[in-house]
Amino acid sequence: MPHITLPEGFPGIRSLAAYRPDTGAALYALAEALLRGTESSFSQAEAELIAAFISAQNECTFCTCSHAAAARYLFNQDKSIVDAVIENYETAPISEKMKALLGIAKCVQQDARTVTDELVANARLLGATDRQIHDTVLIAATFCMFNRYVDGLATVTPLGLEAYEPMGERMATLGYIPPKPMGQ
Amino acid sequence: MPHIPLPEHLPGITGLLEYRLDTAMPIRDLTQILLRGESSLTEGERELIATIVSSRNCTNFCEAAHTKAADLLLGESETARLVKLDFESAPVSDKMKALLNIAALTQKSGKAVSGEAIERAKKAGASDLEIHDTVLIAALFCLYNKYVDGLATVAPADPAFYQTLGERIVARGYMRPPGGYSKPA
Numbered sequence: 001m002p003h004i005t006l007p008e009g010f011p012g013i014r015s016l017a018a019y020r021p022d023t024g025a026a027l028y029a030l031a032e033a034l035l036r037g038t039e040s041s042f043s044q045a046e047a048e049l050i051a052a053f054i055s056a057q058n059e060c061t062f063c064t065c066s067h068a069a070a071a072r073y074l075f076n077q078d079k080s081i082v083d084a085v086i087e088n089y090e091t092a093p094i095s096e097k098m099k100a101l102l103g104i105a106k107c108v109q110q111d112a113r114t115v116t117d118e119l120v121a122n123a124r125l126l127g128a129t130d131r132q133i134h135d136t137v138l139i140a141a142t143f144c145m146f147n148r149y150v151d152g153l154a155t156v157t158p159l160g161l162e163a164y165e166p167m168g169e170r171m172a173t174l175g176y177i178p179p180k181p182m183g184q
Numbered sequence: 185m186p187h188i189p190l191p192e193h194l195p196g197i198t199g200l201l202e203y204r205l206d207t208a209m210p211i212r213d214l215t216q217i218l219l220r221g222e223s224s225l226t227e228g229e230r231e232l233i234a235t236i237v238s239s240r241n242c243t244n245f246c247e248a249a250h251t252k253a254a255d256l257l258l259g260e261s262e263t264a265r266l267v268k269l270d271f272e273s274a275p276v277s278d279k280m281k282a283l284l285n286i287a288a289l290t291q292k293s294g295k296a297v298s299g300e301a302i303e304r305a306k307k308a309g310a311s312d313l314e315i316h317d318t319v320l321i322a323a324l325f326c327l328y329n330k331y332v333d334g335l336a337t338v339a340p341a342d343p344a345f346y347q348t349l350g351e352r353i354v355a356r357g358y359m360r361p362p363g364g365y366s367k368p369a
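So the protein lines, in turn, are chains A and B.
Residue numbers for the first sequence follow this note's numbering, so the first one is 1 and each next one is one higher.
Residue numbers for the second sequence follow this note's numbering, so the first one is 185 and each next one is one higher.
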């Protein structure tokens with residue numbers, strides 16, 4: 001049960017955005033720009049993969065399941081990549097560059113001061129751009145916020161995986177649209 | 185030295201927010217709403233939440249900036265100092281101690297926010313919205329702290345820098361100045 005009285009019928013972050021629409025609008029705008037924006041240095045699939053990976057590191061079930069579902073939809077026939085990364089990114093069938101970037105993301109999740117010059121230089125050597133290094137850190141930091149918000153208020157987390165598949169498809173195709181505020 | 189090229193005259197978070205404007209805008213909006221918008225918590229109390237989280241994440245730039253903002257808003261520098269040292273014995277209300285406890289737990293992990301911590305805050309008179317805002321401010325500062333540290337931005341050593349920054353935060357809030365930041369001559 002959530003720690004505060006939230007509008008019923010919405011899971012996870014959606015219940016919080018319905019509870020406080022003004023902060024909800026800013027949070028959804030951030031997710032949209034970061035994961036789907038034209039300025040992103042990653043494909044939508046890659047950005048969702050980093051979001052799902054960080055959420056899994058933070059053990060935030062709602063965010064992990066929903067962003068993993070979005071990433072699976074976007075990776076299409078390569079969707080097994082997503083679960084392989086969540087299981088162990090170092091052995092997953094992804095590029096060495098992506099592994100280096102996920103290594104940086106993991107440091108950000110644990111203690112951001114541990115992102116060393118060496119880790120960044122290695123990612124660059126493997127082809128990562130400044131912008132991708134920036135976006136990796138910002139996606140990781142942003143999901144450390146979302147995960148804490150969603151779990152810190154103990155929002156409702158659907159348990160069946162089937163709940164997340166349509167959610168992921170909606171996130172991947174329509175994007176991040178805040179729910180209608182309470183009473184409307 | 186920062187991990188990516190950032191403007192030298194804009195240390196800490198400011199250079200990052202100028203580096204990518206499309207993501208900076210909603211981050212700034214969120215901060216302005218939470219720290220300066222209508223609330224039953226004072227601006228000083230909300231800056232204390234930002235301060236304790238930045239302090240526990242050991243993010244020097246954010247800690248110094250928000251400590252200064254809290255000091256200016258509260259009109260003294262003892263409260264912020266003692267909140268960082270041990271909020272349970274700091275000169276703040278029981279409700280504020282309970283909210284700072286929730287913020288400190290949120291800094292560790294969302295899952296660390298226990299039913300007992302929430303119950304304590306409600307018994308001390310905290311509303312649902314105050315609890316909500318406390319968790320979201322704490323979570324937002326985890327974003328800021330990790331963004332600032334993860335890209336190794338510069339934290340100036342000169343205390344005068346944070347005096348100026350604190351004054352700017354108090355006077356102008358968190359939105360981007362119209363036209364951005366001018367380069368030094």
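Please keep in mind that the hints were generated in silico from the structure rather than gathered at the bench.
All values reported here derive from a predicted model rather than from experimental measurement.
Note that beta-carbon positions come from the ideal geometry of N, C-alpha and C, so glycine has one too.
Each hint should be verified, as a subset may be incorrect.
To be verified - Below, a list of computed lysine to aspartate or glutamate pairs in the EDC-like style, where the Cα atoms sit at most 20 Å apart: (1) B:Lys295 - A:Glu59; (2) B:Lys307 - B:Glu351; (3) B:Lys295 - A:Asp111; (4) B:Lys292 - B:Glu262; (5) B:Lys292 - A:Glu59; (6) A:Lys97 - A:Glu118; (7) B:Lys292 - A:Asp111.
Said to hold, decoys possible - The calculated label-pair distances, taken between Cβ atoms and stated as ranges, are: (8) A:Gly9 - B:Pro362: 37 to 45 Å; (9) A:Lys180 - B:Asp342: 28 to 36 Å; (10) A:Glu90 - B:Leu205: 44 to 52 Å; (11) B:Asp342 - A:Glu169: 34 to 42 Å; (12) B:Gly363 - A:Thr129: 39 to 47 Å; (13) B:Lys307 - A:Thr173: 22 to 30 Å; (14) B:Gln216 - A:Lys180: 21 to 29 Å.
Quick rundown of the hints versus the structure:
1. B:Lys295 - A:Glu59: Roughly 9 Å separates the two Cα atoms, so the pair holds.
2. B:Lys307 - B:Glu351: violated, 35 Å
3. B:Lys295 - A:Asp111: Status holds; Cα separation ~17 Å.
4. B:Lys292 - B:Glu262: violated, 25 Å
5. B:Lys292 - A:Glu59: holds, 13 Å
6. A:Lys97 - A:Glu118: Holds: Lys97 (chain A) and Glu118 (chain A) sit about 14 Å apart, inside 20 Å.
7. B:Lys292 - A:Asp111: holds, 11 Å
8. A:Gly9 - B:Pro362: 37 to 45 Å: holds, 41 Å
9. A:Lys180 - B:Asp342: 28 to 36 Å: About 49 Å separates the Cβ atoms of Lys180 (chain A) and Asp342 (chain B), which means 28 to 36 Å is violated.
10. A:Glu90 - B:Leu205: 44 to 52 Å: Violated, at about 34 Å.
11. B:Asp342 - A:Glu169: 34 to 42 Å: Because 52 Å falls outside the window, the suggested range is violated.
12. B:Gly363 - A:Thr129: 39 to 47 Å: violated, 28 Å
13. B:Lys307 - A:Thr173: 22 to 30 Å: violated, 46 Å
14. B:Gln216 - A:Lys180: 21 to 29 Å: holds, 24 Å
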